[in-house]
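Participant: Each chain is listed here by its residues.
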Amino acid sequence: MNRARAQLLTLRTATLGRGSCLEHEVKGMLAKLGLPVPRGCFITTGRPLPEPLGLEFPLVAKVTAPGLAGKSDVGGVRIAIRDGADLYRSVAELSAIPGAVGVLVEEMAPPGLEVIVGGSRDPQFGPIVMFGLGGILVELYRDVAFGLAPLTEEDALRLVRQPKGAQLLDRFRGRPALDMPALVRIMVAVSEIMATGMVEEIDLNPVTLYPAGAIVLDAKLRFRDTPEVAHNPTKEEENMATWKCTTCGYTKEGRCKPQKCPQCQSKGNFEKAE
Amino acid sequence: MNSLDPLFAPRSIALIGASPRTDSPGGILLHNLSGFRGDIYPVTPAHREIRGLTCYPEPAALPENVDLAVILRPAAEVPAVVAGLRNRCRYAIVVSAGFAETGRGALQEELARAGHEAGIRLLGPNCLGVFNPARQLDTFFLPADRMRRPRRGNVAVVSQSGAVLVSLLEGLAKIGSGVSRAVNYGNAVDLDAPELYDYLAEDSGTDVVLAYLESVGDGRRFIAAARRLAGRKPLLLLKAGKERSGQSAAFSHTGRLAGRYEVFSSILQQNGLREVGEFEELLDGARALSLQRQVSGARVCIITNAGGAGVLAVDACMRGGLETPPLPRDVLEGLRQSFPPFYAVGNPLDLTGQVRDADYGKALAALRDHYDAFLVIALTGVAGVTLGLADILVKFRAGISKPLVAHVAQGRLAGKLEKLLVKSGIPAFPTPERAARGIRLLLGGGG
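In the order they appear, the protein sequences are chains A and B.
With our numbering, the residue at position 93 of the first sequence is 137, and numbering never jumps.
With our numbering, the residue at position 336 of the second sequence is 543, and numbering never jumps.
Simulated from the structure, these hints should not be mistaken for lab results.
A couple of the hints might just be wrong.
[Said to hold, decoys possible] Taking lysine to any residue and the SDA-like style, the derived pairs with C-alpha atoms no more than 20 Å apart in a straight line are: (1) LYS304/A with ALA290/B; (2) LYS288/A with ASP397/B; (3) LYS76/A with LEU93/A.
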């Protein structure tokens with residue numbers, strides 16, 4: 045989690061004063077945390093395309109505009125770009141979209157199973173992680189499951205088994221089973237990002253899964269306005285003990301031994317229970 | 208010693224707001240406590256004696272070491288009453304309403320502070336309190352003729368809502384299930400579900416816990432306590448507020464999909480906690496789990512005297528994630544030999560309308576080692592089914608530790624047979640689906 049915290053601090057500093065972060069910034073952070081993202085290059089509006097680009101065709105180009113909810117809805121995505129001329133034209137068109145600050149050009153990933161890995165904050169449970177099937181269609185199927193952040197690898201495995209469509213992760217109609225360790229790594233990383241207490245919402249959607257490997261195709265993140273201390277319940281629970289007053293039997297959970305009993309007012313009579 | 212014993216099994220009770228009037232909560236409560244095994248101290252400045260009990264003019268006049276106080280005074284007075292109970296008692300039930308539930312959050316905070324400063328643990332406010340039939344403890348302000356109380360038994364009920372608790376207790380009374388402890392914690396200013404669950408986990412008189420919830424303050428603390436409890440005995444949770452409630456304005460898909468209920472339900476499931484879908488399921492669960500022990504397994508054998516009911520039971524088992532595998536070949540051949548040719552030997556095993564009680568016994572004996580649980584359907588519209596069936600089923604059960612559940616219906620005999628079975632430790636249900644639900648709960652798993 046400390047690694048996630050350090051990377052989030054860097055990202056937050058870089059994006060200070062902006063409500064949310066740009067896609068390539070989030071992906072840059074994810075890459076530093078060891079998550080697989082497409083190779084790509086961000087082209088600020090008004091700047092020329094770098095020569096050479098250093099990416100392999102086919103490419104995709106996506107408009108970057110702060111506050112834009114759906115890139116596809118405004119025609120802000122070009123896929124299967126085959127050559128330099130096509131790329132040049134795509135970047136020019138996307139840069140002309142109102143509000144565009146740049147264009148993210150990435151190598152196009154092969155098709156696979158699209159899933160969503162996300163995180164948000166629940167009023168009762170604090171930071172949570174979501175896994176769902178359907179990728180960009182997730183809100184149509186609503187086939188999702190939630191878990192408490194941070195997740196262990198075991199928790200993550202249990203969580204991804206919960207949606208109705210979880211069978212799609214196994215060998216399915218002639219396709220080999222998908223790379224569970226790769227998915228679990230992504231889930232655990234997102235859970236650690238949420239557990240820092242710094243993030244309000246995060247969406248990795250879609251994440252494309254393959255029999256070998258996985259790749260985060262799109263990523264969004266919004267910091268909390270007032271970050272709190274990190275949530276690390278596993279650690280907390282380990283340190284928590286039940287203390288029992290030997291005078292009246294009153295019990296209290298806490299990390300430190302209570303001095304005075306709130307019930308019988310006696311002092312220094314607490315012992316660790318069990 | 209269990210720390211909440213003074214609340215659930217007090218030796219003495221002070222009643223703040225006692226009254227001789229049989230139509231006021233203070234009077235009804237005194238009446239309901241007439242069988243209480245312990246001392247009762249009515250507190251009221253208006254009387255010197257009620258029902259032969261000496262009254263105390265104010266809380267501070269009470270003797271020391273009272274286990275439990277029940278407070279019936281108007282909300283605005285309650286913090287002062289609690290302060291006055293300092294050094295008098297350790298637990299207090301605040302029955303009074305008119306706190307956070309009516310928007311008076313500040314008064315509720317004042318109450319919390321008063322309890323904390325006086326060293327008194329509080330249940331409520333806005334609650335009915337506790338019911339413990341073993342000690343004739345009943346703090347409900349509901350007259351006996353308005354609410355039927357269940358007998359003493361091994362089912363505990365924990366409810367955030369008072370009305371739901373009363374309906375559940377009446378339901379349990381109706382189906383003949385007994386109660387060990389019942390509690391309604393209302394606004395939960397101090398004592399909350401997790402502490403109550405921990406108490407019930409330790410309580411040796413409780414074998415099953417039914418819980419009704421609307422909200423859980425600290426979700427993680429709740430889950431931890433629910434897990435501890437469910438690790439000791441079956442816990443069935445009914446959660447209200449299932450409407451889809453994600454933040455529609457959220458920036459991410461996750462935020463839009465993460466409704467309070469969806470998150471709660473999903474996390475319960477991952478922690479192996481059992482959520483039930485509706486009120487009736489709590490009662491069915493109580494009936495099954497209070498009579499028989501949970502075991503692991505999924506293979507159900509259905510023995511019926513009506514094809515239709517048998518198929519409905521199979522359907523319900525399948526929906527619940529259970530299996531109804533066919534009979535082993537040798538057993539099948541053996542039963543075919545010994546039964547009339549028109550009996551449909553299979554799973555379900557259809558003994559038809561020509562059935563005799565003894566056929567059930569014969570079938571069960573042949574199948575006992577091949578399945579994890581047995582669902583017996585006995586429709587009493589036919590002459591061959593009699594009350595004698597209860598004996599046969601009880602004798603079969605005595606030799607095994609596997610769940611056996613009955614679906615009994617049709618005619619006046621059904622009610623009698625159902626009662627007889629329940630009395631002998633065999634849960635009986637009026638529909639095949641509910642019997643299948645009983646089996647599913649007894650087989651511990653299933654979705």
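Participant: The structure should be examined with respect to each hint, and the outcome stated for every one.
Facilitator: For each hint, the structure was consulted:
1. LYS304/A with ALA290/B: holds, 19 Å
2. LYS288/A with ASP397/B: holds, 18 Å
3. LYS76/A with LEU93/A: Between LYS76/A and LEU93/A the Cα gap is close to 25 Å, so the pair fails against 20 Å, i.e. violated.
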